[in-house]
Amino acid sequence: MKEIEVCGFKSGHEYKKFDMVNLTPVKSDIVNAPIIEECPIAIECTLTDIIERDYYRGITNILAKVKGRVISSEILDEEKNLNYLEVDPVLYVGDNAKRVYRYTEKGTIDEAKSFL
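Residue 29 in full-length UniProt numbering sits at position 29 of the sequence shown, and the numbers go up by one each step.
What the hints contain is simulated information worked out from the structure, not anything from laboratory work. A few of these clues could be false.
20 Å max Cα-Cα, derived PhoX-like pairs, lysine-lysine [stated by the list, open to error]:
hint, residue 1, residue 2
1, K27, K67
2, K2, K16
3, K80, K98
4, K10, K67
5, K65, K2
6, K65, K80
7, K80, K27
8, K17, K2
The following label-pair restraints were derived from C-beta to C-beta distances [to be verified]:
hint, residue 1, residue 2, range
9, K80, M20, 27 to 35 Å
10, R57, D110, 32 to 40 Å
11, T104, V66, 18 to 26 Å
12, V90, M20, 12 to 20 Å
We treat Cβ as the ideally placed atom computed from N, Cα and C, and that holds for glycine.
Assemble the whole structure, with the sequences as input and the hints as a guide.
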């Protein structure tokens, strides 16, 4: 969790984030941002728009175009598809009132439209 917070809350212009948490930057061939070698999934994006509305004060929508992705072979199945049972994401949810991490239970999935 320390790695997530350092990478998410510290500016790369002010801090040596990779050194702070012993992560390895790898040059991307697609975008002008490093890939974190220790991260099992990297989504390479370019910024397309930042939307802030007075009505939704404190909420910023960041839009980007996906240019590439890097996925560790350890979380792929035999057909090279993502094995969702091997993914254990941490979700960050927040607004001006409160910001929290939501942990998902590894290996628990429901198929889309299974509740209809």
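Structure-based check of each hint:
no. : hint                   : verdict
1   : K27 x K67              : 15 Å, holds
2   : K2 x K16               : 14 Å, holds
3   : K80 x K98              : 38 Å, violated
4   : K10 x K67              : 24 Å, violated
5   : K65 x K2               : 28 Å, violated
6   : K65 x K80              : 23 Å, violated
7   : K80 x K27              : 23 Å, violated
8   : K17 x K2               : 11 Å, holds
9   : K80 x M20: 27 to 35 Å  : 34 Å, holds
10  : R57 x D110: 32 to 40 Å : 34 Å, holds
11  : T104 x V66: 18 to 26 Å : 22 Å, holds
12  : V90 x M20: 12 to 20 Å  : 19 Å, holds
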